[in-house]
Amino acid sequence: MTLKATPLNNAHRALGARMVDFGGWDMPVNYGSQIEEHHAVRSDAGMFDVAHMCVVDIKGANVRGFLRGLLANNVDKLQISGKALYSCMLTPEATVIDDLIVYFISEDWFRLVVNAGTAEKDVAWMQQQNEKTGAGLTITQRRDGANAMALIAVQGPNARAKVWEVIPQAKDATAEMKPFNVALVSGTAFGEAMVARTGYTGEDGFEIGVAAEQAEALWNALAAAGVKPAGLGARDTLRLEAGMNLYGNDMDETVNPLNAGLAWTIDLVSERDFIGKAALLAQGQNQQFLGLILREKGGVLRSHQKVIAANGDTGEITSGTFSPTMQQTIALARLPMSVQVGDTVHVEIRDKKLAASVVKLPFVRNGKILAA
Amino acid sequence: MSNIPADLKYTESHEWIRVEADGTITVGITEYAQEALGDIVFVELPKVGTNYTAGDDAAVVESVKAASDIYAPVSGEVTAVNGAVVASPESINSDAYANWMFKMKPSDASAVNGLLDAAAYGKTTGA
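Heads up: the sequence lines are chains L and D, in that order.
Counting from 53, one number per residue, gives the positions in the first sequence under this note's numbering.
Counting from 5, one number per residue, gives the positions in the second sequence under this note's numbering.
Quick caveat, the hints were computed from the structure, so don't treat them as lab data.
Think of the CB as a built atom: it goes at the ideal place given N, C-alpha and C, for glycine as much as any other residue.
Each hint can be trusted.
Calculated pairs, SDA-like style, for lysine to any residue (alpha carbon to alpha carbon, straight line, at most 25 Å):
1) LYS129(L) to ALA315(L)
2) LYS349(L) to ALA91(D)
3) LYS405(L) to GLN379(L)
4) LYS404(L) to ALA91(D)
5) LYS349(L) to GLU94(D)
6) LYS404(L) to GLY53(D)
7) LYS280(L) to ALA40(D)
8) LYS412(L) to ASN363(L)
9) LYS405(L) to ASP395(L)
10) LYS358(L) to PHE46(D)
11) LYS173(L) to GLU145(L)
12) LYS349(L) to ALA40(D)
Some chain L residues close to chain D (C-beta under 8 Å, calculated; not the full set):
13) SER85
14) ARG354
15) PHE374
Given the sequences, and given the hints that come with them, work out the whole structure.
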C-alpha cells in the first residue's frame, strides 16, 4: 500500500526526519531527538506538520441547527464569530466517532478540524446525517483536491511572537485574541491564513491553515525564524503531559466519553437533543479517567497495562510514556470509581507489579509541572 | 546508513556481540536498533549467574516510544552486567557499541560461529 503524504513530506526528508507509517500516512516521528523537540516546545517554540488532519467546511442556511444535533458539546456556546469549541461526535450508542474542534466563522459557515485516521468516516457520517435530517448543507473536506488546506501547529511560549515575525498581518488580528479563537487573515505572503489559538501540547501557540501549495514555504519561513521542527513522537509526549486525550488510544467507538474524562465537553444541561444523548444518560459513568505517576523503577507505563487498586478493582492504562519534563514515567488510565486521587495503585509491567500514584490531570501546563 | 563495525558479530534481532580473548562474549544493541528505538529512558539487565538458552529474553530497553526485549544471543551464563547503562540509559543512544549491556560465558564456545557477520547483518538492515 502506498502511504499518503502531506505537502510537507519533502521538507521532512530534507531535514533528515525519521519517517514512520502513522495510520497510513508517511509522517516524521522525530528529526533526531524526540526529547530535545519536546523541550523546545516547552521552553521556546516548535512546529508540527498536522496536515494529515482534515479541515471540513460546513456551509448552508442552518449550520448551527445541524451541529446542535450532531455534536455532544453545545455549539450555542459559540456566539461570537471566531470562537472555537472542542467536542466529541458520538454514535447513537454514545461511543466516540471522533473528537474535533469546531470554529464558528459565520451563521452559514462553520469549520471543523477532525483527526487524520477518522476523516473519511467522519465526513461520511456527517453527509448521512445531512441527508437524514434534510438540512441541505454543503459539507466539504479540505484535505485533498483543488482546495486542499494544510495545517501547521506552532507551539511554545515564544510561538506566537515567531508566527508574527513570519506573518506580520496576523499580529493585528491575533495579538488580543484569546485562546480557543480563530482569525482568517488575508493578504499574507502565504495567501489567506487561518490562525487559531489552539493546540495539543499544553502550551500557548497557533494552529495555522494555509493552501496546501503554500505549506512548504510557510514551514521554511518558520524554521528560519527559529521554530524547531518537532515530530509525532514529541507531539505524543507533550499531549500526554497536558492530559489531552488521543483518539484511538484513550477513546474510540467502544468507549463512552464519560469514562474517558470527557464529561466537561458534553452538554447535558440544555434541553437540546443530540446523537448519543439518550444512551449516554442511560449508561452514565462507571470508570474515571485520571493520571498515574510510576513510583518504582522497573519500566515505562504503556497503553493496555493492567492497573490494580488496593481493593482489587482493576483498570487499564490507555496512554503511557516517559515524561521528558517531569523525568518520570506517566500515564492516562481508565480507573474504577472506587479509586481516589492520591491513592497508590499497582501496574503490571512484564512480570512485576509496580506502585503508581493516582493524580489529577494535567501533569504539565504552560511549562509548569502541576502533578507530582 | 548505520555504523556496523566489522570486528563484531550480530543477530537478526539487532544485538551486537564481541567475542573476547577469554571466550566470553559482550552483548549490546546496534546503532540501527538505538536509532529505531529513539531516546532510551530505561534499561533492565539480567542478574549475574543467570543461565539462558539462546533466544531467551535477557534484558529490556525502553525508549520514549516503545519497549524492546534484548535476547541472549547464545546459550550460557551471565558473568557481568554494565550498571552504567542502567544509570544513564541515554548513553546507548550516544554510542551503542561502547555502552554494552551484559557479558556471558557461552555453554558451547562454537555457538558464536552461528551468529551473523557484519556483511550479513548489514543486509538484514538494508544498509
